[in-house]
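Residue numbers (the working numbering), protein chains in the order written: chain A, 39 to 479; chain B, 15 to 344.
Since the hints were made in silico from the structure, they are not lab data. Ideal Cβ positions, reconstructed from N, Cα and C, are used throughout, including at glycine. One should not assume that every hint holds.
[Said to hold, decoys possible] What follows is a list of derived Cβ distance ranges for each label pair:
1. Leu111/B - Pro407/A: 52 to 58 Å
2. Phe78/B - Glu467/A: 30 to 36 Å
3. Asn123/A - Leu70/B: 23 to 29 Å
4. Gly97/B - Glu320/A: 38 to 44 Å
5. Lys83/B - Gln373/A: 43 to 49 Å
6. Lys474/A - Thr329/B: 33 to 39 Å
7. Lys451/A - Leu124/B: 15 to 21 Å
8. Glu320/A - Ser86/B: 49 to 55 Å
9. Ala239/B - Gly450/A: 56 to 62 Å
10. Glu467/A - His190/B: 38 to 44 Å
11. Leu111/B - Lys70/A: 46 to 52 Å
12. Lys83/B - Lys463/A: 29 to 35 Å
13. Gly450/A - Gly97/B: 38 to 44 Å
[As the list claims (entries may be wrong)] Now the stretches of chain B that chain A is said to cover, found in silico as 3 or more residues with beta-carbon under 8 Å:
14. 96-103
15. 180-194
16. 291-300
17. 305-311
Chain residues, written in single-letter form:
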Amino acid sequence: MASTYVKSITGLLTAGALLMGATGAHAADRVKIEWWYAISGKLGDTVQQLISDFNKSQDKYEIVGTFKGNYEETMAAMVAAYRVNQQPAILQSAERGFMTMLNSGAIIPVDQLMTKQGYKTDWNDFIKPVAGFYIVNGKPAALPFNSSTPILWYNADAFKAAGFDAPSDTWQGLEKQLYALKEKKITDCSMALPGDFQWSLIENYSAINNYPFATKANGYAGLDTEFVYNKTGVVGQVARLKKWVDDGVLKIAGQGVAPISLFTSGTCATIINSTASHSGVEADAKFKWSAAVMPHEEGADVRNGTIGGASLWAVKGKSEEVQAGVAAFFNFVAQPATQEWWSKATGYVPVTNAAYQKMKSEGYFKDHPTREIAIEQLSRGEPTDNSRGFRFGNHNQSTAILIEEIQAVWTGKKTPQEALDSSVKRGNEILRQYEKLHAGK
Amino acid sequence: MPANNAIMTSSEGAAARPRLSLRRSLGSLVRPSEAGLKASHFRRPWLAAGLLAPQLLILLFFFFIPTWKALSLAFVQVDPFGGTMIFVGLENFTTLLSSPEYRDSAVLTLWFTVVQCIATLVIAGLLAFATDNVLRGRAIYKGVILLPYAIAPAISGVLWAFLFNPTVGPFAQMLHELGLGWDPNRRPFDALLLVSVAAIWKHVCYDYIFLVAAFLAVPASVMEAAAIDGARPVRRFLTVTLPMAAPTIFFLIVMNFVYGLFETFGIIDTVTRGGPAGSTNTLVYKVYQDGFRQLDLGSSAAQSVILMAIAVLFTFLQFRAVERKVNYQV
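Next comes chain A alone, as it looks inside the complex (with noise of 0.2 Å):
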């Protein structure tokens, strides 16, 4: 009996090898390359197809992509898989995570892998506002990869029934616009809460209005910053949401339904959301949908949105020869050619002046003028350093606060000005907290 029970063991390992060989000649002599990202649905098939390009393109690396959950849920991952060396070899980490990527420990600076690999990556031609958020001391820590803006989405059709061409530029009168929509029932949910409008309705509002968010240029002169966004007129927006919110104008989506379908299945009239829902919108609006750039005060002396989205880390801790794969596809991805497929296929702004001026040339932009507002957005005016972008250590921790906190006001537990007391008080320990950890870095 325990003869056969061993031969027959061994049949089947002999059978499991011989069918490995068979399946691996191919791929046995090339190198695997992981890589986690974070975005999924129809820009995660997106993704696939970008990895499978690569791997066509030449025959020495694979890469294996894998979807580990939100940008969180992957960062997570990532530091359980560092402390145990089980790290993939690149990680796709949104900007949010910028400060604790930089200073992890955990990464290879791309200009240094890029350069050691022998690749001559033009740092310059990447556009303004992307470039500067990811340049560190001149040179960039991660490559940008999808990088968006949140733009204004509304429904046309809707717009037309009320008697407005489009969307007012201004807070104010976008907020008549809003109501009329409302009283003259062409809509229940003239505006529907985006899930990450921390981004989008304070943190890009304060840019584009030029209001400092914190102290020391946003954190971009040093981690000593403290945050001051109580004291300006991110205040009187967060008043006007919660007046919005109460009379019924904007919805909040809450749990069980992305708040984008609120606006493509036709419910709300208007959302603020991501370039990166064109792919989206596309599909599955079936009105008529427009775009714009994002609101700004009357009287503002208007400067240009953040970026979102997220960029490509190379991690420390792989051989010499999966770096050099690193490096290959890094390479890949920076190129014109692959620039413009992903923005074209995506929403996601082009990262590269040559990517943006040959869609440009094409008259890309004249079939899909939607398409540019991100970019027209991107660069409005000269960026200063209220506009340049955040750099937060353990931004994730005082973004939860802050939303935590904006919740009290939905509620009415707090005043738009106590909230967002508590919520700079709250969020300055964090920053302190940080600053002790990396003191010197």
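Knowing the structure of chain A, use the given hints to seat chain B on it.
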């Protein structure tokens, strides 16, 4: 009460056996008289050790190592990647205990757990009592009640969230038509109610199975005697069935507490994400949020240490307080 007795003896056994095997493995160093009669059953200590090994390994990997990790992180502040670490003593704890958000979360958790525990027991008790009086389609009746237990918490959570979503949910529309301003995104009580109902709905079936079994185990002779004495069904239930089912009820109270404290995580994550403004952010969910979402590992570890202390304390108190009043004899 078969179910309950089995659990009691197995837990006593688990506590007793490691001690015995340890003594046997130490061999003659231990005075034989103290080893007692039971120890003599294990002539070969390695057999006892081998039989215990799977359980001990599970404890090692899922209890002792995580506990050690939590303890070692609770007194430091650390970069998520482990690059920098500063020993801060009790600072993580003092920061937590002085934070109003943490205190709110503790009060909320207590409220939620107690309400959930009582409501689940009462509803399951009523359904179990009614089981005896359902004549036709009893199997269907039982099946329908047990169904929710087969649904994964995350899926049921998403369904609850969708059905009661104030913008698109059909049940929310009904509530609005009744003139109720239902909105779990803006009204903390609505959010808490929704989470509680979802948690209770999911757990009623568990209590129900145990209670049906406990009620069935009441000897028919006792019930008949009560009936002959003129007790009506409700009175028989209150004065005969309930006291005899007390050990099961005690067991369920403990299990409901454990469920409410630790296992409602999936429902909260899908139904409210702890919002609005932390109004459904229970202690366990906060550990997850702070640790895995925000990567504040020091604070998260300190919170799990506090939570562990609470769990130990509660179990101890419950056994001490309730066990004395429970009659295990049938």
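Hint-by-hint comparison with the structure:
1. In this structure the hint that Leu111/B and Pro407/A lie 52 to 58 Å apart at CB holds, the actual value being about 56 Å.
2. Taken as a hint, the range 30 to 36 Å holds for the pair Phe78/B and Glu467/A, whose Cβ atoms sit roughly 33 Å apart.
3. Taking 23 to 29 Å as the suggested C-beta distance range, the pair Asn123/A and Leu70/B conforms, at roughly 27 Å.
4. Checking the proposed 38 to 44 Å range against Gly97/B and Glu320/A shows it holds: the Cβ atoms sit about 43 Å from each other.
5. About 44 Å separates the C-beta atoms of Lys83/B and Gln373/A, a value consistent with the hinted range of 43 to 49 Å.
6. The given range of 33 to 39 Å is respected by Lys474/A and Thr329/B, whose C-beta atoms sit roughly 38 Å from each other.
7. Take Lys451/A and Leu124/B: their Cβ atoms lie about 20 Å apart, and the range 15 to 21 Å holds.
8. As the Cβ distance of Glu320/A to Ser86/B is approximately 51 Å, the hint placing it in 49 to 55 Å holds.
9. Look at Ala239/B against Gly450/A: about 59 Å separates their beta carbons, and that is inside 56 to 62 Å.
10. Our hint of 38 to 44 Å for Glu467/A and His190/B holds, since their Cβ atoms are close to 40 Å apart.
11. For the hinted restraint 46 to 52 Å between Leu111/B and Lys70/A, the CB-CB distance of approximately 48 Å keeps it satisfied.
12. A hinted range of 29 to 35 Å for the beta carbons of Lys83/B and Lys463/A is consistent with their spacing of about 31 Å.
13. For the pair Gly450/A and Gly97/B, the supplied restraint of 38 to 44 Å holds, since their beta-carbon distance comes to about 43 Å.
14. Counting residues of the segment 96-103 of chain B whose C-beta sits closer than 8 Å to any C-beta of chain A gives 4, which meets the bar of three, so the coverage hint holds.
15. For the segment 180-194 of chain B, the stated coverage by chain A holds: 4 residues have a C-beta nearer than 8 Å to a C-beta of that chain, and at least 3 were required.
16. A stretch counts as covered by a chain when three or more of its residues have a beta carbon under 8 Å from one of that chain; for the segment 291-300 of chain B and chain A the count is 3, and the coverage holds.
17. For a cut-off of 8 Å, the count of residues in the segment 305-311 of chain B with a CB near a CB of chain A stands at 5, and the three-residue condition holds.
Violation of the numbered hints given earlier is absent; every hint is satisfied by the structure.
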